[in-house]
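K.L.:
Spelled out, the chains give:
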Amino acid sequence: MPGSKEIRTKIKSVENTRKITKAMEMVAASKMRKAQDRMRAARPYAEKIRNVAAHMSHAQPEYKHPFVVKRDETKNVGIILVTSDKGLCGGLNTNILRVVVNKMQTWESENKSIRICAIGNKGYGFMTRIKAKLSSQVTGLGDAPHMDRLIGPVKVMLDAYVNGEIDQLYIAYNHFINTMKQEPVMQQLLPLSGESLGAPSGHWDYLYEPDAKVIIDDLMVRYIESLVYQSVAENMASEQSARMVAMKAASDNAKTVIGDLKLVYNKARQAAITKEISEIVGGAAAVSG
Amino acid sequence: MASKIQIEVVSAEESIFSGEAEFIVAPGLMGELGIYPRHTPLLTNIKAGALRIKLPNENDEQLIFISGGILEIQPGLVTVLADTAIRGHDLDEAKALEAKRLAEELIKSNASEVNYAQAQAELSEALAQLQAISRLRKKIH
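Chains A and B, in that order, are what the protein sequence lines are.
Residue numbering for the first sequence follows the numbering used here, beginning at 1 and increasing consecutively.
Residue numbering for the second sequence follows the numbering used here, beginning at 1 and increasing consecutively.
One chain only, chain A, in its complex shape:
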């Protein structure tokens, strides 16, 4: 029975692979639920802060925070690139990197210089490989994003914006639509457009302690940070869903491969048996004849 041992070994190895992909699928599924909860938990804060910021920007027309002021000319652009730390999640990171690289090429051709803030290992690795100008980076965020880790890298970009080193700030991440669908998006963070803050809500104003300017400054920074946090949380939910789907596909593929291999194995076995029987029958016929 030629080759039967090889086929058996091969079946065994594919079965082992399938066990791993199956396990990864289940791990991703449970992590995905938590990541989605986290994504939703971050929403009230961002909404609240947006309401307050919208109200204040209308109630305090005499003070314009640098984040709201639109610049006449855009010479330099900053990108906050959110990717996953680990691979094996389908085309998730490739998709977002493709969007970013396309945009970067357009900007380069317009002679704009680009600065990157990389959140997540994959984007960081890619940006170093293409030798892009990295201003700041953070990797190894784990399963739950922490504001604490994000403050520093984001502040580098915000400071660069305030100092005039960049004139626009974008954020790129995977928008979570549902478990099966994630969409790479690139949004402008700075300058903040009036529309993104929404309409004013009445003609009253707050009392401010200590004064309006200090609070507006604090609020604006936190608003941007919360947007970044939200994007990171969303990207993590996308990552887990993408991984789950990718691993499910891998498990299904392994199953088909195992099926095919078993068919080949059984055919070989049957052929060997038939051959043996025909030999015996042939031998018996020769003796009796």
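Please note that a few of the clues may not be correct.
Below, a list of computed lysine-lysine pairs in the BS3-like style, where the Cα atoms sit at most 30 Å apart [claimed, not checked]:
1. B/Lys47 - A/Lys213
2. A/Lys48 - B/Lys47
3. B/Lys100 - A/Lys75
4. B/Lys100 - A/Lys131
5. A/Lys86 - A/Lys248
6. A/Lys86 - B/Lys100
7. B/Lys100 - B/Lys54
8. B/Lys4 - A/Lys70
9. A/Lys213 - A/Lys31
10. A/Lys64 - B/Lys54
11. A/Lys75 - A/Lys86
12. B/Lys47 - A/Lys64
13. A/Lys131 - A/Lys103
14. A/Lys10 - A/Lys255
15. A/Lys103 - A/Lys70
16. A/Lys34 - A/Lys181
17. A/Lys103 - A/Lys75
18. A/Lys213 - B/Lys100
19. A/Lys48 - B/Lys54
20. B/Lys4 - A/Lys275
21. A/Lys181 - A/Lys103
22. A/Lys133 - B/Lys100
23. B/Lys100 - A/Lys112
24. A/Lys48 - A/Lys255
25. B/Lys100 - A/Lys103
The hints are simulated quantities; they were obtained by calculation from the structure and are not laboratory data.
As the structure is a computational prediction, the values presented were derived from the model and not from experiment.
Use these hints to put chain B onto chain A, whose structure you have.
P.N.:
Below, chain B without anything else, positioned relative to chain A:
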């Protein structure tokens, strides 16, 4: 009589507390703030400290520790936008510097010239390899 005030304590990572209260004490930047229902609209920074919430029909006050943030008061609603991390100008600065340093170290170890062509070549090479592998697999099966 509306002797209750809705209070929401939210941070960027989660909603910490949501409910009705009779009276709230918050550690404002300019001093402690006691808030009763129908307080005039006010916006202030708060320091790290305890938020004391007197719940209706309960003698004890509920304590929530926050590491600072922003407090917004409207007549029927108090919102605490709590920070998840201990903030401070120096601390933020230190974090920013650290992030910058990490990135700069990297730039030093690399010559800095953007090369999309090379990246694309690498990418297409990887793709070709993948295709070759899958073709090989088909042959084996």
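K.L.:
Taking the hints in turn, state whether each one holds.
P.N.:
Results for each hint:
no. : hint                : in the structure
1   : B/Lys47 - A/Lys213  : holds (17 Å)
2   : A/Lys48 - B/Lys47   : holds (19 Å)
3   : B/Lys100 - A/Lys75  : holds (21 Å)
4   : B/Lys100 - A/Lys131 : holds (16 Å)
5   : A/Lys86 - A/Lys248  : holds (17 Å)
6   : A/Lys86 - B/Lys100  : holds (23 Å)
7   : B/Lys100 - B/Lys54  : violated (45 Å)
8   : B/Lys4 - A/Lys70    : violated (43 Å)
9   : A/Lys213 - A/Lys31  : violated (41 Å)
10  : A/Lys64 - B/Lys54   : violated (38 Å)
11  : A/Lys75 - A/Lys86   : violated (34 Å)
12  : B/Lys47 - A/Lys64   : holds (25 Å)
13  : A/Lys131 - A/Lys103 : holds (16 Å)
14  : A/Lys10 - A/Lys255  : holds (13 Å)
15  : A/Lys103 - A/Lys70  : holds (21 Å)
16  : A/Lys34 - A/Lys181  : holds (18 Å)
17  : A/Lys103 - A/Lys75  : holds (15 Å)
18  : A/Lys213 - B/Lys100 : holds (28 Å)
19  : A/Lys48 - B/Lys54   : holds (23 Å)
20  : B/Lys4 - A/Lys275   : violated (91 Å)
21  : A/Lys181 - A/Lys103 : holds (22 Å)
22  : A/Lys133 - B/Lys100 : holds (12 Å)
23  : B/Lys100 - A/Lys112 : holds (21 Å)
24  : A/Lys48 - A/Lys255  : violated (49 Å)
25  : B/Lys100 - A/Lys103 : holds (24 Å)
Comparing the model with each numbered hint stated earlier shows that hints 7, 8, 9, 10, 11, 20, 24 do not hold.
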